[in-house]
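Chains as they are written, first to last, in my numbering: chain F, 339 to 705; chain G, 339 to 705.
If you are wondering where the hints come from, they were derived from the structure by calculation, not from laboratory data.
Remember, it's a predicted structure, so these values are computed and weren't measured experimentally.
Some clues are possibly wrong.
Pairs involving identical chains hold if they fit within one copy or between any two copies, as the list cannot separate such chains.
[What the hints assert, rightly or not] Listed next, the in silico DSS-like pairs over lysine-lysine satisfying Cα-Cα at most 30 Å (straight line):
hint, residue 1, residue 2
1, Lys-500, Lys-630
2, Lys-630, Lys-380
3, Lys-635, Lys-590
4, Lys-380, Lys-590
5, Lys-635, Lys-500
6, Lys-635, Lys-380
7, Lys-590, Lys-500
Listed below, chain by chain, are the residues.
Protein chains: 2
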Amino acid sequence: MSRPIPLLLLGAGFSRGAHVPALRGLSGAFRIAGVFSRTRAKAEAVAGELPGPVEVFTELDRALEMPGIEAVDVALPILPASDAIAAALGRGLHVFSEKPIAESVERARALLTLQAPRPDQVWYVAENFRFWETAWRVRELIASGEIGTPLLCHYPTLVPIKSTPWFQTQWRREPGYAGGFLLDGGVHDIAALRLMLGEVSHVSAFVRGVDPALPPADTLAASLQFESGLVANYSVSYALEPVRLTPWSVVKALLSGAERPVRDRFGRKHIVGTHGSIFFMHDRVELVRGLKRTVFKVRSADMMVRQFEDFHAGVRAGQPIRNSPREALHDLAVIEALLTSARERTVTRPARLEDAASLSALAGGQS
Amino acid sequence: MSRPIPLLLLGAGFSRGAHVPALRGLSGAFRIAGVFSRTRAKAEAVAGELPGPVEVFTELDRALEMPGIEAVDVALPILPASDAIAAALGRGLHVFSEKPIAESVERARALLTLQAPRPDQVWYVAENFRFWETAWRVRELIASGEIGTPLLCHYPTLVPIKSTPWFQTQWRREPGYAGGFLLDGGVHDIAALRLMLGEVSHVSAFVRGVDPALPPADTLAASLQFESGLVANYSVSYALEPVRLTPWSVVKALLSGAERPVRDRFGRKHIVGTHGSIFFMHDRVELVRGLKRTVFKVRSADMMVRQFEDFHAGVRAGQPIRNSPREALHDLAVIEALLTSARERTVTRPARLEDAASLSALAGGQS
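With the sequences and hints as input, model every part of the structure.
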C-alpha cells in the first residue's frame, strides 16, 4: 500500500473494539491523527491506545478543522453520524462511515448530493455482510447452477438482542429514527440478500412490537420479489429471550443431539431450487442435491480489516469500492419500503439511486 | 353409531383409493347405495368392490333422483363438484364434499345460501389437515406457554408435484379456476395454520410461475398477520424436480448424516417464541427450549375415517362438525386473498363468512 491516510476518528464507543484494532493493524495504510468524542475521557482512552501523536477533540467542528487530515472515520450513533458525514463531505474529506448510510433514504440522498460535485471524494459506507464469505459462496453455488433454477429464499434472523452489547447503547434503546433495530440490523440482511440474489423489485411486510423494551417494533415478516423473478421470505425477531448457558448444559445439548436444532432456533437460511437446496448459517453452507449433502465450512475473514483496505484502495488508487453509497442506499431503501409497507398496508417498491427524484436531487447538487 | 346413512358416491376416481376404503370400514355408519361416474366402467369398478346392492349412474341428475339416499359424497374435480353440491343441497341431501369448498369465495357463498334455509342439513367439507395430530400438538404446546409468547411462524411447503398422482389428473394440469395447485394444495396449509394460530387478519404475497407444466403459477412467498398479532411467512413451491431414489442412495444418505437435511429440503415448519421454538414436519414435533430439545413422534391417524365419523355424528346426532363450511370458506378466503394480493400488488384482508356481503347473501337465501 502507498502512503498512509491521515484520519480523524469520530466516536470513541463502538469504534474502540471494532475500528481501532483494524486501523492499528493497517498502520501502513492509515494513521489516526485525531479522535473526537463528546466525552473527553473516552477520546483520551482511545488516543492512549494509539502510537502518537494523536489530538483529542470534544467539539465536532473543531475536530473537523484539524489540519492535515484527509479522511474521517464516522463511528457515531445514526443521527449525529449523518450530521458529521454532511460536515465532512462539505469540507472535501473522504469519509468512512458505519451502516446504515443514514436514518432515511431522503437524508441519504441529501448527503449524496453533497458528494456529487466531487467524484474523486470517496464515501465508504461500511457493511461487513458484503464481505461475508458465506454469502459469496451461496452466490457462486447459485451462479454455477448447482440447485437448478432458484425458486424461493427463506431468510430468518432471530436474535436475543437483550443479551448483546448493542442493546446496551442508549441511542438504540430510544431510537430517534424509524424502525429501530429492524433498520439498524436489517440493512445487514438486505445487503446479504442483494449480494446473493440481486436487486429487490417489490416488498411487503407486517411488523409487530412484542417487547416494550424494544421500541418501536421488534418482529417482522416480509415477502420480497427480486428483479430476477425470485420470491423470498425475510423475517426478523429481536424479541427472543436470552438463554443462560452453563458448561454442563452445553455438554448435555451436544450429547443429546440437540446442538443442531438449538442452533437452528436462531434461523437457518434456505434457498430452494428446482434441483437442490442451499442451507446456510454464519459459518457454513450446506448444498443438498437429491440425497447428497455437501458441507462447506466458511472461514471468517476479518471483515473490518478488509473494508478499510478496500477504502484505502478507493482513496489512493481510485479503485471501485465494494461498499459504495449506492449499495448502502439500496439496502436502506428496502428496509424503508418494508416499514412503509407495514405502516400503510401497501405493497411497496424500494427507492433507487436512479429514480427521477434522486437524479434531480443530484443534478441540483451539481448545478 | 346409529343406523347407517344411505349414501350416493359422486366420482369414481380419487374416491376409489381414499373415500371408498374408509366408507367400507365404517359399514355400521354408511351404506354406499349408488355410484356416479360419467365413465360407466369406473363406476362399475367401484360398485364391484362394495357389498351390494349398489346402483350405477352415468348421469348426475338421474343419480341424484335415486330414492332412499340421505347424503352424497362429492369426490369430483373442483368445478363439477360445485355444481353437484348445489344440486344436492337443493334436494335437501346432506353433503360430504372434498376441499376446497368451491372454486371461489363467491361461489362458496352462493352454495352456503342454498344451505342456509335448512340448518339441519349438514354440509361437511373434508379437510384432513384439521385432523393432523401434528397441528394439534403444536396448538397445545403454544397454548400451554411452552415457547412463551409466539413471535413468528415460518411455514414452507415444498413439493415435487410432478412425482405425485395429483399431477396426473388432467383437470389439475389445466385448472379452470384461479391459483391451480396453489389453491388446491394451499387450503390444506391454511387449515393447519388457522388451527394452530387462529384467524388471519391480512395477507400479502408474490407469486411466480417457473415450470410451464404447472399453470398458472407454482411458487408463492407470502406474509400473514393473524388477529392475535402474530406475523408469519408462508411459502410454497410445487416446482421442485422429483428425485430418483435407489435403495443404495437411501442407505448412503442415512450413513452420511444427510437424511435430516434432505428431509428438511421439503420444508420444516418453525414457530418462534420468546422462550423457545417449535419445529415440525408431518410426523414429528420438536420443542426446543434453551439448550433442551424434546421430540414428539406423532402417530398418523386415518384422517379420512375420522372425517366420515365426524360427518356421521353431525347428521345423526346433530353434533357440531369440525369441518364446517365456515372453516372451509375461511381457508379458501385466505388463498383467494393471497392470489388477489399477488395480482393487484395490494395487502389484502381475507373475506369472512360474517362479512356484510356474505350475511346479506345468507339473509337473501332465507327470505
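> What are the numbers of the hints the structure violates, in ascending order?
Replying inline: The structure conflicts with hints 2, 4, 6, although it agrees with all the remaining ones.
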